[in-house]
Amino acid sequence: MKPTAATSGSVKRWRYFALRTTVHRVDTTQLLKGVLDLAVLAVLRDADGYGYDILRRLREAGLEEVGDASVYGTLRRLFAAGLLTTYVVPSESGPHRKYYSLNAAGRDQLTRSGKLWRSFATTMDTLLDDRGMAA
Amino acid sequence: MTVTEQEITEYVDRVRAALADLPPEVRDELTEDLPEHLREVAAETDGSLTDRLGAPEAYALELRTAAGVGTIRRGRLHRLTGTARRARDQISALDRQLGPPLGYPTVSEFLRLLRPGWWVLRAYLAAMVVTTVSTGGSFGLLPRFGGDLLTGLLMLVGLVLASVWWGRRSDGLRGWPRQALQIGNVALVVFALIGLADMEDRAGYDFDYESIAVDGRYDHVRDVFVYDSEGRLVRDARLFDQNGDPIRLGHPECRDPRDLTVPGNPRLRPYPYCPDSAPFAPGPPASVPPAAPALPPLSIPPATPSPTATQSPTATPSPTATPSPTATPSPTTPAPRVS
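Protein sequence lines, in the order shown, are assigned to chains U and V.
Counting from 1, position 25 in the first sequence corresponds to residue 25 in the working numbering; the numbering is continuous, with no gaps.
Convert by adding 1000 to the 1-based position in the second sequence; the result is the number in the working numbering.
By construction, these hints were calculated from the structure, which means they are not laboratory data.
The structure presented is a predicted model; accordingly, all values stated were derived computationally and were not measured.
Please note: incorrect hints may appear among the correct ones.
Pairs of lysine to aspartate or glutamate, EDC-like flavour, derived with a Cα cap of 20 angstroms [stated by the list, open to error]:
| no. | chain 1 | residue 1 | chain 2 | residue 2 |
| --- | --- | --- | --- | --- |
| 1 | U | K98 | V | E1040 |
| 2 | U | K98 | U | D37 |
| 3 | U | K98 | U | D46 |
| 4 | U | K98 | U | D53 |
| 5 | U | K98 | V | E1025 |
| 6 | U | K98 | V | E1032 |
| 7 | U | K98 | U | D48 |
| 8 | U | K98 | V | E1036 |
| 9 | U | K98 | V | D1028 |
| 10 | U | K115 | U | D46 |
| 11 | U | K98 | V | D1033 |
| 12 | U | K33 | U | E60 |
| 13 | U | K33 | U | E64 |
| 14 | U | K115 | U | D37 |
| 15 | U | K33 | U | E65 |
| 16 | U | K98 | V | E1029 |
| 17 | U | K115 | U | D125 |
Computed far set for chain U versus chain V, every beta-carbon distance over 12 angstroms [unchecked claim]:
| no. | residue |
| --- | --- |
| 18 | R45 |
| 19 | S101 |
| 20 | A104 |
| 21 | R107 |
| 22 | Q109 |
| 23 | L110 |
| 24 | T111 |
| 25 | R118 |
| 26 | L127 |
| 27 | D130 |
Every residue gets a Cβ at the ideal spot worked out from N, C-alpha and C, and that includes glycine.
Using the sequences and the accompanying hints, generate a full structural model.
So, in structure tokens, the structure goes:
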């Protein structure tokens, strides 16, 4: 559902209202918006990484529809929120790379958000199981 | 590798242009590893960057949405900043083009030289604001504090010093003090324009009657009566000053039958406008007692004054009139007007 640059401003606005007023069809992009923070924190738990590296890890983990810009933007936001620290590593093959790593606040956030997600997921599983929609 | 460095640079530039409304440091931070990212993308996949990542503008929107910066009402804000940027570009182009005719590289460089002058003018305008407020509206050209000129001039000196001090510091101002200063400047300019329009209005009356000699001291005069040396009312008299400009006093208050036949400015009618309102009765014929006080002759007249015979030709500029005071020794002559 991401608007393309070709659409005019008014069309974009109508689409915006449509998003607000219609029932969402569940798709991965929509779900990702809610949990991308958690996903990024999770892939940084075991090892630090730079932007493209983190993007690759998310894709390898199965989140193939994640947008490049979304990941980079999320990294900036988590850093601004004080959940990540950065450091620059000189690279022999190209320019220096900015690495992100979880700090204490980030780990704490990961723990709390992880619990919340598990509880939410369990609730959804139960709801769907009760309606006979088990996977 | 099908993606060239130039394509990467173009993509980065377009993303940065789409984020132009953000503060520069935020934009730099958002896009600092974008070239590196694009190089990795280009190395891994075939096709253009746009095929793989979408249009740069869409990439920029996704980036700013995910980063949580400037997502609110982005469309309108973006259009506004675009318009503002274009206007700024045009102004700076004009700035450079119009500078050489003035003898300076740019117009703004020329205007910068005038800034101290503006600081002094600004202080004067502020003093005039205080004058207007403290004297309750009416003001001239000099500042007065509550009507007192000396205090007003002292205030002007103080304001000039303060204004110059502020002016020299204003480059370093940021945030609300700078905005307050700008709002104050605009308010002073508006005040100056209103004051100028007011003065122009007042001066306008003088321009209308430039060729006519008038003087405020004679405002109470409503009509002019000229008597000759015999004490007779001179009709159709015209008065001129040393420049040959007509002296206009008073205003016709009674109708003149000639108004109907002679069009034109009623104020150019000869004096008196209203002969019937003459304060002194016409020269006294011996037989009829005057109903109104008569003006005595200036010189001792001949033994038996014969007014019709001694009529001075110079006193009758208008031969069409028939000023024959003795012909109408009417007892109904009105009493002298008290004015």
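To see whether the hints hold, each was checked on the structure:
Between the alpha carbons of K98 (chain U) and E1040 (chain V) the distance comes to roughly 14 angstroms, so the proposed pair stays at or under 20 angstroms and holds. Only pairs whose Cα atoms come within 20 angstroms are accepted, and K98 (chain U) paired with D37 (chain U) is accepted, the gap being roughly 19 angstroms. Simply put, K98 (chain U) and D46 (chain U) have alpha-carbon atoms about 17 angstroms apart, close enough for the 20 angstroms limit, and the pair holds. With a C-alpha separation of about 11 angstroms, the suggested pairing of K98 (chain U) with D53 (chain U) holds against the 20 angstroms cut-off.
The straight-line distance between the Cα atoms of K98 (chain U) and E1025 (chain V) is roughly 17 angstroms, inside the 20 angstroms bound, and the hint therefore holds. A distance of roughly 9 angstroms separates the Cα atoms of K98 (chain U) and E1032 (chain V); the hinted pair therefore holds under the 20 angstroms criterion. For the proposed pair K98 (chain U) and D48 (chain U), the alpha carbon gap of about 10 angstroms is at most 20 angstroms, so the pair holds. Restraint check: the Cα-Cα separation between K98 (chain U) and E1036 (chain V) comes to about 10 angstroms, which is no more than 20 angstroms; the hinted pair holds.
Proposed proximity of K98 (chain U) and D1028 (chain V) is supported: the alpha carbons are some 14 angstroms apart, at most 20 angstroms. Our distance criterion of 20 angstroms between C-alpha atoms is met by K115 (chain U) and D46 (chain U), whose separation comes to about 18 angstroms. A C-alpha spacing of about 8 angstroms is found between K98 (chain U) and D1033 (chain V), which places the hinted pair at or below 20 angstroms, so the restraint holds. Annotation: proposed proximity of K33 (chain U) to E60 (chain U) holds, straight-line Cα distance about 18 angstroms (limit 20 angstroms).
Between K33 (chain U) and E64 (chain U) the CA atoms are separated by roughly 13 angstroms; this keeps the pair inside 20 angstroms, and the hint holds. For the proposed pair K115 (chain U) and D37 (chain U), the alpha carbon gap of about 14 angstroms is at most 20 angstroms, so the pair holds. In summary, the hint linking K33 (chain U) to E65 (chain U) is supported, as the alpha carbons are separated by about 11 angstroms, within the 20 angstroms threshold. Distance restraint check for K98 (chain U) and E1029 (chain V): the Cα-Cα separation of roughly 11 angstroms lies within the 20 angstroms cut-off, and the hinted pair is therefore satisfied.
The suggested pairing of K115 (chain U) with D125 (chain U) holds, with an alpha-carbon distance near 15 angstroms, which does not exceed 20 angstroms. Against the 12 angstroms criterion, R45 (chain U) stays outside the reach of chain V, whose nearest CB is about 20 angstroms from its own CB. No beta-carbon of chain V comes within 12 angstroms of the beta-carbon of S101 (chain U); the shortest separation is about 16 angstroms. Annotated as non-interface, A104 (chain U) keeps its C-beta farther than 12 angstroms from every C-beta of chain V; the closest such distance is 22 angstroms.
In this structure R107 (chain U) is separated from chain V by more than 12 angstroms, as the shortest Cβ-Cβ distance comes to about 21 angstroms. With a cut of 12 angstroms on Cβ distances, Q109 (chain U) stays outside the contact zone with chain V, its closest approach being about 15 angstroms. Once the 12 angstroms rule is applied to beta carbons, L110 (chain U) is consistent with being away from chain V; the minimum gap is 18 angstroms. Look at T111 (chain U): its CB is around 22 angstroms from the nearest CB on chain V, clear of 12 angstroms, so calling it non-interface holds up.
Every CB of chain V lies more than 12 angstroms from the CB of R118 (chain U), the least distance being 24 angstroms, so the non-interface label holds. The non-interface label for L127 (chain U) is consistent with chain V: the shortest C-beta to C-beta separation is roughly 29 angstroms, beyond 12 angstroms. With a closest Cβ-Cβ approach of about 35 angstroms to chain V, D130 (chain U) is found to remain outside the 12 angstroms limit, as its non-interface label requires.
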